Amino acid sequence: MDKNILGKVQINGKIKCLTGLHIGASKENMEIGAIDSPVVRDPVTRQPYIPGSSLKGKMRSLLERALSVELGIAGTTKRRNIGTRNNEIWIHVCDSAEDALQCPICRIFGSTGHNGGKNFPARLAVRDAYLTGDSVEKLSDIDTGLQYTEWKFENAIDRVTSAANPRQLERVPRGAEFDFELIYNVEDLHTVEEDLKNLALAIDLITLDSLGGHGSRGYGKVDIVIECIKGIPVESLKSDTIIAVEIKSLKELSSLITTFRGKSSGA
Amino acid sequence: MEVYLFKLRFRGPVHFGDTGIDLENVQETVSSDTLFSALMNTISIYYERNEAEDLIEKFINNPPFIFTSLFVYHKGLYFLPKPMDDTFISEDTKRLKGKELKKLKWLEISDFLNWHSQSNLTDKDISNMQQKQSLYTDAFVREIRPRVVLDRITQQSSIYHCGYIYFKKNAGLYGLVAFSDKGFIEKFKNILYLLGQTGIGGERTYGCGTFKIESFEPVDSTFNMILHTNTDKYTILSLYHPAQDERQNLRNNLLSYDIIRKKGWITTGRKALTLKRKSVGFITEGSVSKGPLKGCLVDITPDNPPPDTLSHRVYRYGYAFTAPLPR
Ligand SMILES: [Zn+2]
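Sequences listed follow chains A and B, in order. Residues 1 to 267, numbered by the working numbering, are exactly what the first sequence covers, in order. Residues 1 to 327, numbered by the working numbering, are exactly what the second sequence covers, in order.
Certain hints may be false.
Heads up, simulated BS3-like pairs for lysine-lysine below, C-alpha to C-alpha not over 30 Å straight-line [claimed, not checked]:
1) 230/A / 189/B
2) 78/A / 276/B
3) 294/B / 187/B
4) 58/B / 238/A
5) 230/A / 58/B
6) 212/B / 248/A
7) 75/B / 102/B
Honestly, the hints are just simulated from the structure, not real lab data. All of these numbers come straight from a predicted model, not from anything done at the bench.
Please model the entire structure based on the sequences and the hints provided.
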């Protein structure tokens with residue numbers, strides 16, 4: 001029997017850049033003579049943004065590392081090579097939807113079935129994070145010759161030949177802020193608390209790590225501020241009039257979870 | 001039939017492509033069969049499963065509503081596929097303007113109405129149509145995003161590419177829905193609203209394809225004329241799969257048409273299966289027939305699906321929404 005949805009948890013907040021942020025775009029799309037290493041931009045507004053995929057990928061890999069020992073997924077057990085034979089990329093993915101339901105990583109981030117196993121669609125959706133109105137305004141005024149961004153010379157030294165390889169790196173300046181939104185689908189009551197706690201952990205881990213490229217050189221330090229967490233039960237989603245329980249921090253989780261109780265006749 | 005126009009405004013990028021095929025390959029429109037599957041999945045997620053099954057049962061016998069594929073609107077202009085029949089255009093015009101005519105794929109609705117009424121086109125008509133079509137191509141931007149996957153142990157990265165469409169401000173997709181059973185008007189609107197929360201198309205895990213219903217209103221003026229003109233030719237505005245009793249006469253009835261084959265994987269509720277559906281052929285949007293068309297739901301359940309994987313039959317939507325609508 002298929003599981004119905006019990007509701008959604010919507011988490012909104014801001015990502016603040018404590019250092020310059022560089023999320024790279026592909027160079028193929030760039031005009032000739034442009035900067036060596038450009039950042040991703042919304043093709044319509046030209047504003048830099050943080051792709052939902054980058055954010056989600058980072059959350060998954062950090063959480064995977066943090067939980068690897070207790071989940072028994074350290075090393076190469078329960079891992080799959082999603083790269084090529086020459087460029088192996090090992091990540092943890094459960095082989096069936098049944099396993100994924102028991103796995104705190106795949107339950108949140110999804111898994112693709114293997115050997116006939118069903119896919120488990122991610123419970124979490126991470127939207128692209130766009131610059132806040134305030135930041136757009138502030139950044140429109142910066143005089144760097146670039147739109148909303150700044151550039152920096154990086155001198156990469158070739159370890160073998162010691163030849164200097166100076167290049168320009170584009171980055172979103174320190175102080176810029178992005179609005180982010182996470183949507184978590186509540187599918188049962190047994191796992192919602194653990195999932196949300198792990199989500200909170202993943203968010204914390206990002207602030208201890210970094211976003212985007214060149215993190216080892218200090219780029220991409222961010223602070224993530226959660227401003228609103230809404231629990232929206234399915235009945236309210238259906239009626240078009242959102243009646244939601246709002247909390248300010250994931251520490252008040254239990255009051256949020258009660259919103260979904262009684263909505264699950266079979267669960 | 002009561003016909004409504006609904007407009008969708010997307011909250012971010014969209015990814016409309018054939019699943020399992022090239023991720024870079026994306027289109028800006030959504031075909032009617034994809035919309036139907038998305039609506040049915042929404043019902044099975046948000047309502048009880050038997051509600052989706054009841055509705056499918058209704059659709060097999062006599063659809064309570066039919067709808068078009070989703071097409072582009074931009075700055076108050078609505079676009080429809082150019083009808084493939086051009087027999088009314090003089091040979092002279094075709095010789096001189098052949099290239100331009102070939103490049104016309106989308107017509108703004110007043111031009112569609114002109115084409116529909118089948119009076120000969122002047123050079124000026126054609127350049128007008130071209131000019132408006134430029135607003136079509138200007139409604140969205142296509143983007144190929146490089147995507148990186150990080151190895152958990154070595155931190156090595158691997159890159160692949162994925163295509164997205166960004167609609168500009170004042171642009172998005174719209175569709176027409178005709179109700180033979182008025183009792184379904186509110187229901188349809190409600191399901192569409194829920195679909196907007198989840199999103200349509202691929203890459204939903206990154207928030208792609210979520211939308212707001214910009215408007216949902218009975219069609220007025222131009223669309224009314226398009227749907228109720230007196231013409232002996234019918235342009236198909238959805239994908240169409242002929243019903244059993246239509247097949248005999250099909251070649252004779254179709255004046256100009258194209259075919260598309262659709263395949264892919266099966267999704268049931270929130271679960272995507274590693275199970276291929278039967279591929280099925282459709283007559284495409286813009287095809288033209290001499291007489292009214294009906295269509296059907298096509299059963300695409302694979303032969304002998306593995307037990308416990310699939311507990312229900314799988315259908316693709318193939319009802320024809322034509323302009324004009326048959327009386
Ligand atoms: Zn797992």
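For each hint, the structure was consulted:
Distance hint between residue 230/A and residue 189/B is fulfilled; the C-alpha atoms sit about 24 Å from each other, no more than 30 Å. Among the hinted pairs, residue 78/A with residue 276/B is consistent with the structure: their alpha-carbon atoms are about 26 Å apart, no more than 30 Å. For the hint linking residue 294/B to residue 187/B, the alpha-carbon distance of about 23 Å falls within 30 Å, and the restraint holds. Between residue 58/B and residue 238/A the CA atoms are separated by roughly 22 Å; this keeps the pair inside 30 Å, and the hint holds.
Annotation: proposed proximity of residue 230/A to residue 58/B is violated, straight-line Cα distance about 37 Å (limit 30 Å). A distance of roughly 26 Å separates the Cα atoms of residue 212/B and residue 248/A; the hinted pair therefore holds under the 30 Å criterion. The hinted pair formed by residue 75/B and residue 102/B meets the criterion: a straight-line CA distance of about 25 Å does not exceed 30 Å.
Of the numbered hints stated above, the single one contradicted by the structure is hint 5.
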